[in-house]
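One letter stands for each residue in the lines below.
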Amino acid sequence: MKKECQECGADISIPEDAVVGEIVTCPDCGGDFEIATKAADKVELKSAETVGEDWGQ
Amino acid sequence: MVEVCIIFDKVRFEEKALYDKALEKGVKAQMVDAKGITVSTESKKSDFSLGDVIMQRSVSHYRGLYLTACLEFLDFPVINKFSTAEICGNKLVTSLALAKNNIPTPKTQLAFSAETAMEVIRKTGLPLVLKPIVGSWGRGVFPLRDEETASMIVEMREENDSPLSRIYYVQEMVNRPPRDVRCIVVGEQVVTAIYRYSGEGEWRTNVARGGKAELAPVTKELEDLALKAARAVGGGIVGVDLMEDKIRGLMVHEVNNTVEFRGAATVSVNDIPGAMIDYAAGVAKR
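Chain order of the listed sequences is U and D.
So in the numbering used here, spot 47 of the first sequence is number 47, and the numbers just go up one at a time.
So in the numbering used here, spot 24 of the second sequence is number 24, and the numbers just go up one at a time.
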């Protein structure tokens, strides 16, 4: 499934097994997007959070 | 049937592996986005459908920590507990807990102003390592090899906006091979141990920094130390990091709360997410 990048309009491929909450990256502009919702034939993306100072294990 | 709830704020390899493994084992599982949860002082457990046991997997330490406080307020069992997350999320508190429990750990000096931090550095002599007390993936960890650079880094820390930057955690530089050991502890079991080698041009061994993983033998000494360290922080599912000092032997330098295991899973012969799901199901039944 393809989704249009909200930043640059390029196509972002959404892997078949991707789940809500996963991050996808635009191959053209490098923008990160979080999968907000996913149904059989429809995916909604939202801007991903930027890496926080407290991220990690 | 037990239901495991995996709370995330960003789905990584680990969260997907846990969810898939739960389903494979016939354990009911759901994934819930931490960013979508709100809790009030008047909330009741019955207001939420979060299963029987919660695995807190938020990548943001503070989000995970304080959401865990709220979930424990509602009487949900959470892995890990707030108290464990609080200790592990802070290197200063972790070092104190390790030392208090007589677990070999690198000598760490703590100073609360730039002046005393520099005094400690001059008095001890270089090299030393300056680490932020909160932070992961090796961010902000500086090897201090000469006094001029040390002074500049301390000055930089002093000018940082974060109040935590002005707490100075100065650790001895352990004479170790270019690797450390990561033990994944689940309850009272060391599920796997790996060597993490520094990536090219890197001194830090974090897999997030390009460090490479290789299976490490779980010796009796390693197992005992890893379990002791896990107990010292309150137990649960943790990643215990150790260094091999060339004279003193194994020393624990860190215990990780929301342990990442992608690197370990590529080399481990044991089922890491499987052990975690079994443990969570066991906690739910208690």
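Be a bit skeptical, because a hint or two may be false.
[Stated by the list, open to error] One side only, chain D facing chain U, incomplete, derived with CB under 7 angstroms:
{"id": "1", "residue": "I37"}
{"id": "2", "residue": "S40"}
{"id": "3", "residue": "D47"}
{"id": "4", "residue": "Y62"}
{"id": "5", "residue": "Y66"}
{"id": "6", "residue": "C70"}
{"id": "7", "residue": "E72"}
{"id": "8", "residue": "V141"}
{"id": "9", "residue": "N256"}
{"id": "10", "residue": "V259"}
The set of hints was computed from the structure by calculation and includes no laboratory data.
Source: prediction; values computed, not measured.
Beta carbons are placed, not taken as given, at the ideal position from N, Cα and C, and that holds for glycine.
Now for the hints, and whether the structure bears them out:
1. Nearest Cβ of chain U to the Cβ of I37 of chain D: about 13 angstroms, over the 7 angstroms cut. The hint is violated.
2. Annotation: interface hint on S40 of chain D violated; nearest CB of chain U at approximately 24 angstroms, more than 7 angstroms.
3. A hinted interface residue such as D47 of chain D counts as satisfied when its beta carbon comes closer than 7 angstroms to some beta carbon of chain U; here the least separation is about 22 angstroms, so the hint is violated.
4. Of the supplied interface hints, the one on Y62 of chain D holds, with its beta-carbon coming within about 5 angstroms of a beta-carbon of chain U, less than 7 angstroms.
5. Given the 7 angstroms rule on beta carbons, the hint for Y66 of chain D is violated: about 11 angstroms separates it from the nearest Cβ of chain U.
6. Among the interface hints, the one on C70 of chain D is violated; its C-beta lies about 17 angstroms from the nearest C-beta in chain U, farther than the 7 angstroms criterion.
7. With a least beta-carbon distance of about 20 angstroms to chain U, the hint placing E72 of chain D at the interface is violated under the 7 angstroms criterion.
8. Violation of the interface hint for V141 of chain D is found here, the shortest Cβ-Cβ separation to chain U being roughly 12 angstroms, above the 7 angstroms cut-off.
9. Checking N256 of chain D against chain U: minimum C-beta separation of about 4 angstroms stays under 7 angstroms; hint holds.
10. Annotation: interface hint on V259 of chain D holds; nearest CB of chain U at approximately 6 angstroms, less than 7 angstroms.
In summary, the structure is inconsistent with hints 1, 2, 3, 5, 6, 7 and 8 from the numbered list given earlier, while agreeing with the others.
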